[in-house]
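Taken in order, these protein sequences are the chains called D and E.
Just so it is clear: in the first sequence, position 63 is 63 by my numbering, and no numbers are missing.
Just so it is clear: in the second sequence, position 107 is 107 by my numbering, and no numbers are missing.
Keep in mind the hints are simulated off the structure, nothing from the lab.
Using N, Cα and C, we set each Cβ at its ideal position, and we do this for glycine too.
Careful: at least some of the hints might be erroneous.
As the list claims (entries may be wrong) - Computed footprint of chain D on chain E; a stretch qualifies when at least three of its residues, placed anywhere within it, have a C-beta under 8 Å from a C-beta of chain D: (1) 19-29; (2) 34-44; (3) 80-94.
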Amino acid sequence: MPPTLCVGCHEQRAVVKRPKNHQKLCRECFLSIFEDEIHHTITSSKLFYPGERVAIGASGGKDSTVLASVLKTLNERHGYKLDLVLLSVDEGIKGYRDDSLETVKRNATQYEMPLKIVGYDELYGWTMDQVVETIGKKGNCTYCGVFRRQALDRGAKKLDIKHVVTGHNADDVAETVLMNLLRGDLARLSRSTNIVTGDSLSDVKRSKPLKYAYEKEIVLYAHHKKLDYFSTECIYSPEAFRGTARSLIKSLEKVRPSAILDIVRSGEDMGELTPDKVQASCACDDGGMGSCGSGAQKEAALKRDSQMKKLETEIKLNKLEEPSDVVKLPIRGKNGKQMTGSTTGALPSLGKCIKCGYMSSQSMCQACTLLETLNKNRADIAI
Amino acid sequence: MGPPGNAGDPQPVIPLKIEFSGGLEILFADERHHSLSLPALDKDGSPSNIGFLINYLCENLMKDERKELFVLDDHLRPGILVLINDADWELEGEESYELQPGDNILFVSTLHGGPPPRIGVDWTPVYLCITYNKRRSGRQLCCMVKMQLKFQPRKHNTAFGANLPANHLTRFIGSRCLKHES
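Between the sequences and the hints, there should be enough to build the whole structure, so can you do that?
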């Protein structure tokens, strides 16, 4: 079979078939088109202003490595005049994070960017290894997720930076859209599709410039540009629901490659139609996006909510004395979840945590609440 | 289609270079690069293609019992990319691509951080007694250090039973113990 030629330059052998439009491209054309599209995303959504200091949330994985590389390239090529810094979170998981941090350190040298590492131990006095030793493997993703969210923001604050970019890609967004859809959580769905999350109320804004980039293309970009990245599984508990959503997305992509961007677009359009824009101000969980942690945390919240709901239904039934043979459908009001979650029925207002001063919708932020439980159990472990 | 191979003839083989990345290494003895000779013809006597290679890898090279992390429903698990001599296998006919001698086949997982660990496998603490010599340059200080530690093998290691890969153990000891004594 003669080699397929690139549709861009008509000279080189095509090595990439783009999932979104089946274009066959050679290495050089693919790299430049990939970069151009990120540039387009950045300029069309006006992500940065000249001279802005931006922290790149770097894990050493493929997404953040590609993000750092592309941002450096574009910053020089198009004169964004950005001051780029790598920001890493050290969860304190031996054999996982210490290896990937080495990659980040190499990246810092390769891309000539300063690197800041913030550790869970210095922020919270606990490493994830210690957390797992205390509470076990189950549910530790909740801790990790809650801690990581704050860690990136706190790290950025230490550097006096107000903008953190993360490597979330189209597959991640599609996955989150799907998960929120399956949970019936349209409010989060609308936030998860936003390219910029966090708002005037929070000090640090988050954005995801790779939002429209296929994971496949990110991997291929890293491969063809010979980027140095690290891949390993987190050695602790996987999150079942997210894993299933991910497999579903990948199976859909196999049959219909454009499905991923289509889901992202559908998510955006549904987000537009969601009436609950108020909730966007709740910064206690970011745009509903995230790696393992945020999902687990939401799952925990969901569990809580459903328990609350059960309680509420019982009370109602007693009061109204409805005939017992009527099966009521669980119809909820506009702010359904939030209403059932709080006893007063009012939306939680954003305040500051009484312990750490970090913004929170409760009197004490989630991280501090979790820390209290942990510290109570600390006596149980001997190191 | 080639002629069916005779049982008496030595089976011709195709030398291949196989590479695993993106977390798939853990399924293949934590080795990224493999060189192997694949039978040139499959069971039906047809020239060996990628589909045959995938099965062959599963049966002969995979050291992990979690086949489903590599193959699902008799096909490569969605989310794993294949590059044939650096080109996307979608350009080469995917599973039907007929392998050529010297081909370089790269399997990359795009699944987050590699394949998910198997759920339900418990970590077995292994108690080890480690003795080693410590030598300081200059003063030729030699001492014997004996310690006992609780080693929790990573989930995927449990598939190896008692044969824990030594590199995990050294890494574990290195990260946990060496800093405590200087």
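Quick check: which numbered hints come out false for this structure? 2
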